[in-house]
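Novice: Keeping their order, the protein sequence lines are chains A and B. For the first sequence, counting from 1, position 241 maps to 241 in the UniProt record's numbering; every step adds exactly one. For the second sequence, counting from 1, position 139 maps to 139 in the UniProt record's numbering; every step adds exactly one.
Calculated directly from the structure, the hints in this document are not laboratory data. Check the hints yourself; a few may be wrong.
Result set (DSS-like, lysine-lysine): computed pairs, CA atoms no more than 25 Å apart in a straight line [unchecked claim]: (1) K75/B to K380/A; (2) K348/A to K380/A; (3) K94/B to K75/B; (4) K75/B to K348/A; (5) K12/B to K79/A.
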Amino acid sequence: MASEEGSRSDSQGADTSDVSSNRHDEDLVVQFAAAAQPEMMRAAEKDEHYVGQVCEACYDAFRHTFGTRLAVAYQNEMKLAGRVLYYLLTTGAGLQTLGEEYCDIVQVAGVPGLPATPARRTLLVFYQTVLPYLAERLSARAASRGMYLGSEDGEDETSTSSQTSRVEETFGREETSSGSSGSVDPGNNMEIRQRRRAPLTWRLRQAWMAALRRWPQILPSVREGLVLLVRTHLMLFYFEGLYYHMGKRAAGIRYIFTGRPSQQRPRYQMLGMFLLIQLTFVCGHWLTRTVFPSIASSMRLRETNPSLSAVGSQGIAVIDEDGGKVEEKGPSRPSNMWAESEATASSKCPLCLSPRQHPTATPCGHVFCWNCVAEWCNEKPECPLCRAPVSHPELVCVYHADF
Amino acid sequence: MASRARLFKEYKEVQRDRGQDSDIQLLCDETNIYRWTALIKGPTDTPYQEGVFQLAINVPEQYPLVPPQVRFVTKIFHPNVHFKTGEICLDILKTAWSPAWTLQSVCRAVIALLAHPEADSPLNCDCGNLLRSGDHRGYKSMALMYTRLAAATNV
């Protein structure tokens, strides 16, 4: 490492070699500067570009060998193959990727700045390529299976769920007083006996089935959560500038900058601030949407305390009004809306009921969209509002009036 | 596609103004925005005043350049409504259509037609003949009977 740095700095300008020789005097362990955010992002973009090319090449090769139908069917696998190939041949072989080389950055493991071990690199390649694919595949499969289960026991789903809940209820009661619950219901008794025989596997299986059944419903929120996670990660990157990819964070692989040091190294703290603000808003919105209503309702349950219940009912009313999105503007909103509709009513086209595009006046003074009124005049040459005769040449596009 | 955009606008407007006009209730088909159902109240001081009449509205693709097809689903005894098919003889639904009409205003026009039967262009000739011969009492009792039979609200 040190010799490499020496040769590099020799080839660079005199001032930099001075700096490095000074460092040589101090201690022989030379520290490269950590890579800055722009370099990492540029490298990542470059890599994505090349990965795309490799994927395309893989796809083409597959298509020529096995035909288009199979190629389309295995499109995602081809993409995966391209990624794996690219990262195995670069990172996996201990070389810089093309993007990293372009930006003069090198992967190192952790703080000491040593090159990453093969195991760590393999882990990184796995994180970057196979893991997302596997997650996507598994979730899709779980979703389809859950939907199948949901449709299979479509109408008796409620009954089974109520049954299971009943069973759990009785099971809970059974732990407290085993004798009485057994005599409640013979059918439940059977099930409980079955459960006693293999309680753990039964319970696991049941939980698994329930999770499968619920997966299609929670999938969108999981996706949303993932997006938020990615955004949080990006925010962290903007602040600390260490890991651009989550895979690199997980594998603990950082970058150092080996190129010619330049004076201007922009930092992205500002972007991080913006992201932080955005995430705060999203979290706040989520809180008002999900957590506060439940708190409010639980407060309303406690009607014994008048002051508490008053707060609760207020919360409920506010949130019920419009999905919890606009709380404090509650009373002022309707009037605002009225004013808005009044204002837009004058600039609306009465034919498409939308804001006017290319306002066009008839000789009788009514104004429409150009398209709307021209089409209608093909149909019938009269004003749609007052039936005054209109012909195409009489239509005037009024661009230079503000109304 | 212009028709779809406009129908969406009308749908939104109907949703917004719901409850304001209690005489007209416009309902859009859940799956097809080109099919609507309207429930209209018979106008007061007419034999239809105690009835609620169902209209089936079929909106063509070229809407609003061509009028929607409206017909009565509920049986009604009216000179300008075909007794069997429910077809409505109304100029704005035929030749005098203008794209400035909306489904809501069409319904209003139908209500106005119920209040002002036009005996000179009858689709229901029996009803038209009653009116043209001046037998208003006969017309009223017939219309009232069918309103109570087919369109009574308390059934």
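Novice: Between K75/B and K348/A, is the straight-line Cα distance small enough, at 25 Å or below?
Specialist: Given that 25 Å is the threshold and the Cα spacing comes to 38 Å, the pair is violated.
Novice: Tell me if the straight-line CA distance from K12/B to K79/A falls inside 25 Å.
Specialist: Not satisfied, since the Cα-Cα distance of roughly 44 Å exceeds 25 Å.
Novice: Is the Cα-Cα distance between K94/B and K75/B 25 Å or less?
Specialist: Distance of about 21 Å is within 25 Å: holds.
Novice: Hinted pair, alpha-carbon criterion (25 Å max): K75/B, K380/A. Please report holds or violated.
Specialist: It is violated: about 34 Å lies between the C-alpha atoms, which goes past 25 Å.
Novice: Quickly compare the C-alpha distance for K348/A and K380/A to 25 Å and report which way the hint goes.
Specialist: With a Cα-Cα distance of about 22 Å, the restraint between K348/A and K380/A holds, given a limit of 25 Å.
Of the numbered hints given earlier, the model fails hints 1, 4, 5; all others are met.
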